[in-house]
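*Asks:* Sequence:
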Amino acid sequence: MTPDYTKVHNRFKLEGFHYNHEDLMEVAYSFVKEGYPYQQQLGLFLLDWLDKKDYIKVQTSGSTGKPKILKIKKQAMINSAITTGDFFDLSPGKKVLNCLPSNFIAGKMMMVRAIVLGLEVDMVVPSSLPRIDYEKDYDFCAFTPMQLKNFARYLKSIKTVIVGGGRVSSHIKDLIKDKKPQVYETYGMTETVSHIAVKKLNNFTGDASDNYFTTLPGIEIATDDRGCLVIKAPKLSDETIVTNDLVEIYSENQFEWIGRFDNMINTGGIKVFPEKIEQKLQDKMDGRQFFIHGIKDDTLGEKIVMVIEGNKKDLDTSLFDVLDKYEKPKDIFFTRRFKETASGKIHRAKTIQSVLES
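Residue numbers (full-length UniProt numbering): 1 to 358.
By construction, these hints were calculated from the structure, which means they are not laboratory data.
C-beta atoms are modelled at their ideal positions from N, C-alpha and C, and glycine is treated no differently.
Heads up, some of the hints might be wrong.
[As the list claims (entries may be wrong)] Now the in silico label distances, taken between C-beta atoms and shown as ranges:
#  : residue 1 : residue 2 : range
1  : Lys173    : Ser30     : 39 to 47 Å
2  : Lys312    : Gln279    : 20 to 28 Å
3  : Asp321    : Asp137    : 44 to 52 Å
4  : Asn10     : Ile332    : 53 to 61 Å
5  : Asp331    : Asp137    : 46 to 54 Å
6  : Ile270    : Arg337    : 26 to 34 Å
7  : Lys312    : Pro67     : 40 to 48 Å
8  : Ser209    : Asp48     : 35 to 43 Å
9  : Ser209    : Lys350    : 32 to 40 Å
10 : Val242    : Lys7      : 31 to 39 Å
11 : Lys350    : Val322    : 22 to 30 Å
12 : Pro67     : Val242    : 14 to 22 Å
13 : Lys339    : Asp238    : 30 to 38 Å
14 : Glu15     : Gly301    : 50 to 58 Å
Given these sequences and hints, build the entire structure.
*Replies:* Next up, the structure:
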């Protein structure tokens, strides 16, 4: 029988205590009234989840456009939780760590999984280095790339880790390659109610499929005439979801992510994808934060530039030898700090605007 959003699993625990529907409402009110900011966010979400409406309102991150509010059906969130639970073997009583803010879909879904699947969830302050009880072991956790980078040395306390919300650099992959826990990169968005595909980041099988995202059960994929991913997920959305993510599809359930269609640079008539250039340069940048962007140019239409976070210093231009001639940046800009979305992702458009205006 499919769980109902009005019910709380009898094995669910929050911070070591079981709560039924009414008790959890009281906890939510207490969080909103007296809790720390991250607890207040959780309390507000719980009040929305436990009310009688069959939907909640969720804000998108705004990384590729203006943030917007979406209505997400609670049943779709339950279906997503069940699919994730089946894929990662999250059976009742398993212990999960939630270090994500509850005002975006990823953090909300961590709590929904616990409530629906009967998991024991511990909450910690969302930060770049989550502070946890290292004497405890956990079965499952979700990180941002920055959290994974900073937490890599402590991964032995977590059995399975998923990471999403941004690019996972080669540096981060090197940090986790020899770690015993299974680490997966996720693909998803607010519209798909968290992730709909995962890709291994360590403990590889040696198969070519290790390089691709594999969709979870019940997900159908295709591409449109731009080459962008089209998703059919009837248990998650009543509508077909057309993305701006350029992909290469290798099978009915596997694809490679190439980059964002709206980030594409047309330089001298050649279409260039910033994400591909960034991937080539990751190992050369000594962990420094950077991104590639296109700006207007009278000769080329658009020219490629690099934006680096931090103090200005000379770069060894030989690092660009790994790039094709048309991929090499024409200018390099430095900025003290990247502009970010509310969810902590790099806001490329606002950052480049600030750089050009300064």
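*Asks:* Against each hint, give a clear statement of whether it holds in the structure.
*Replies:* Here is what the structure says about each hint:
{"no.": "1", "hint": "Lys173 / Ser30: 39 to 47 Å", "result": "41 Å, holds"}
{"no.": "2", "hint": "Lys312 / Gln279: 20 to 28 Å", "result": "24 Å, holds"}
{"no.": "3", "hint": "Asp321 / Asp137: 44 to 52 Å", "result": "45 Å, holds"}
{"no.": "4", "hint": "Asn10 / Ile332: 53 to 61 Å", "result": "58 Å, holds"}
{"no.": "5", "hint": "Asp331 / Asp137: 46 to 54 Å", "result": "49 Å, holds"}
{"no.": "6", "hint": "Ile270 / Arg337: 26 to 34 Å", "result": "32 Å, holds"}
{"no.": "7", "hint": "Lys312 / Pro67: 40 to 48 Å", "result": "31 Å, violated"}
{"no.": "8", "hint": "Ser209 / Asp48: 35 to 43 Å", "result": "38 Å, holds"}
{"no.": "9", "hint": "Ser209 / Lys350: 32 to 40 Å", "result": "37 Å, holds"}
{"no.": "10", "hint": "Val242 / Lys7: 31 to 39 Å", "result": "34 Å, holds"}
{"no.": "11", "hint": "Lys350 / Val322: 22 to 30 Å", "result": "28 Å, holds"}
{"no.": "12", "hint": "Pro67 / Val242: 14 to 22 Å", "result": "19 Å, holds"}
{"no.": "13", "hint": "Lys339 / Asp238: 30 to 38 Å", "result": "34 Å, holds"}
{"no.": "14", "hint": "Glu15 / Gly301: 50 to 58 Å", "result": "56 Å, holds"}
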